[in-house]
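Chemist: Below, each chain spelled out in residue letters.
2 protein chains.
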Amino acid sequence: MKIVPVIMAGGRGERFWPKSRIKFPKQFLNLLGQQSMLQLTVQRLTGLVPLENIHIVTGEEYRSLVNSQIPDLPSDNLIIEPIGRNTAPCIGLAAMVVKRKYGEDAIMVVVPSDHLIEDSIGYLDTLKTACEAAYVYDDTLVTIGITPNEPATGYGYIQIDKVITQINKHSIYKVKRFVEKPDYETAAAYLRAGGYYWNSGMFIFTVDSILSNIKTHMPDMYKNLQEIYLAQHNETYERVLNYVYPQMPSISIDYGVMEKADQVLVIPADFGWDDIGSWTSLERIRTKKDGTNVIRGNVISLDSHRCIVEADCEEKLIVLLGTEDLIVVDTDDVTLICSKDRAQEIKMVLDNLKKCNQERYL
Amino acid sequence: MKIVPVIMAGGRGERFWPKSRIKFPKQFLNLLGQQSMLQLTVQRLTGLVPLENIHIVTGEEYRSLVNSQIPDLPSDNLIIEPIGRNTAPCIGLAAMVVKRKYGEDAIMVVVPSDHLIEDSIGYLDTLKTACEAAYVYDDTLVTIGITPNEPATGYGYIQIDKVITQINKHSIYKVKRFVEKPDYETAAAYLRAGGYYWNSGMFIFTVDSILSNIKTHMPDMYKNLQEIYLAQHNETYERVLNYVYPQMPSISIDYGVMEKADQVLVIPADFGWDDIGSWTSLERIRTKKDGTNVIRGNVISLDSHRCIVEADCEEKLIVLLGTEDLIVVDTDDVTLICSKDRAQEIKMVLDNLKKCNQERYL
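Chains A and B, in that order, are what the protein sequence lines are.
Residue numbering for the first sequence follows this note's numbering, starting at 28 and increasing by one per position.
Residue numbering for the second sequence follows this note's numbering, starting at 28 and increasing by one per position.
Do not take every clue at face value.
Put simply, identical chains are the same to the list, so a pair is met inside one copy or across any two.
DSS-like, lysine-lysine: derived pairs with alpha carbons at most 25 Å apart [unchecked claim]:
1) Lys-316 <-> Lys-367
2) Lys-382 <-> Lys-315
3) Lys-381 <-> Lys-316
Hints were generated in silico from the structure; no laboratory data involved.
The whole structure should be built from the sequences, with the hints applied where relevant.
Modeler: This is how it looks when you write it as structure tokens:
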């Protein structure tokens, strides 16, 4: 069983602006400690396979960042997307690279580069089980469902169908349906009903399984990927890739394949997962000062509550007086002050900056 | 009639921290436009008398700031307080200097250095009238009462008694009483009742009147001032001043003299006055962007309302998203984010900084 992790690291992390910047996005930041989220992801996966097997997909503009953060990654393991095109083309491209290097039986473990995992051992155990399931069941796509501990509205949910088997003490279910991010009432109903899990965005399948599913559900994309695959063996590769890749639609693997595929399995898991989707995520994962504010940097908070403060510069002092429910992010050239309930709308700021020709702040 | 303006410029302006700093307080800042508030005050008073007559009282630490901002001020017109001791000692000291230079009949026009005056002509006209009244009525202290346009709780009030005379079309009243900053209900009752004016902190009197009143109501302070006066004529002056001045109690002229004096007159006036007492004052005097936020600097505000933003650095971008009723002040080394209803409590921050040995931010 050849296991080949594929880390998707091409995102812009816009909801973590202004700390996450177009030239230095979220996955390269050390929001979770001393190491970047990408470094933590790679480190975790080396518990599954050696670094030589680990692949990273990202954009050309982040090549040097990946090289500096993961200096020992073989250069051939860095898969460059000519342009960001969501997860379906990204996974399709990776599948073609893995097919060339390891053959159609190789098992791809596709994971995001910017999630929090608290229990690495539980995580690896779950991934191993997923690999076994992907190996045993032909033409099958496996995903990880996270046991929800609150009616979160920021995640998609997976409803399970009947149990298929038991591997390494993990029950493995057929997926009944994927559902988009629900409103609070719906999410609460899911939790009451049971049998719903958070969609973790992690997928495990053989090269053969994912490609045959792409062929069935996204035939045009499959043709594009096939062109890319064939070009890999000769010197026109880069030209073909740059020409063909942008033709593929910007579609997620969830929408393009997972929701339509016949044979999707899910392994429920509970290894302390968080997608670190926006600044408010930090409230779930960092210790609160005085039990109320989440603070990093040279900050004084007086009579302030439920605020999130991230300050870069040691010399600069940030003072909060009588404030509530704010996100404050101070960087060298930008200070963001955002109401916590607007954390999802930071992209609005970026749109505004583009409109005003202030790209230097992006 | 010798008119001698005395500008009190020794304040710390703590409520305008972090823009107002211990080394560069509010009166030296250009919060109201291109010039500092001190410069605007001096400029206005040159409509009354030449610069040679204008005196400034401040602390030693601000000598060079005054010199750089008012380079043509005669050095003898700069009165240095060895230590900040509120307005009674400050005015007493100035009275002794003016007595030496101009004699007991000179009329002192004592004004703060950090107030907004919109209508300079009306202001000068009122001051001239006040000087005439101070000249005509022996042993009299004259003050300016501002016609209130709202039940402000940030000002003291002056209740008028019977009208005494009419000079230059101004009615001049005897003061019935001074009242401390009232609560909102009381202030509203004052406005309904009529006959109440805001205490502007401007005082006009002859040297003789103020000194005889100090002698009556603060005899110990008078003795201290007398020692200082006598020392002026010889070389021990500075030593005596440094020894005697700190012995005087830190008391306001309002509390120490005005509230107790027999013969206090008030001239009601309405020349667009504001004491610029805290960051929220800016809402009254500056134009609001989109009718809601008061903004200076490189700032983007999205869905934000009733905020006050003051940003120093051109290169640094401040972004507000979905915030309400905030004061945001960004300087080189400090960013303050303060709920607007806590504007009066900024001193709390300064106390905190002292406690934590972070004096460099004061």
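Chemist: Hints first: check each against the structure and report whether it holds.
Modeler: Here is how each hint holds up against the structure:
no. : hint                : in the structure
1   : Lys-316 <-> Lys-367 : both (17 Å within a copy, 23 Å between copies)
2   : Lys-382 <-> Lys-315 : between (37 Å within a copy, 23 Å between copies)
3   : Lys-381 <-> Lys-316 : between (36 Å within a copy, 21 Å between copies)
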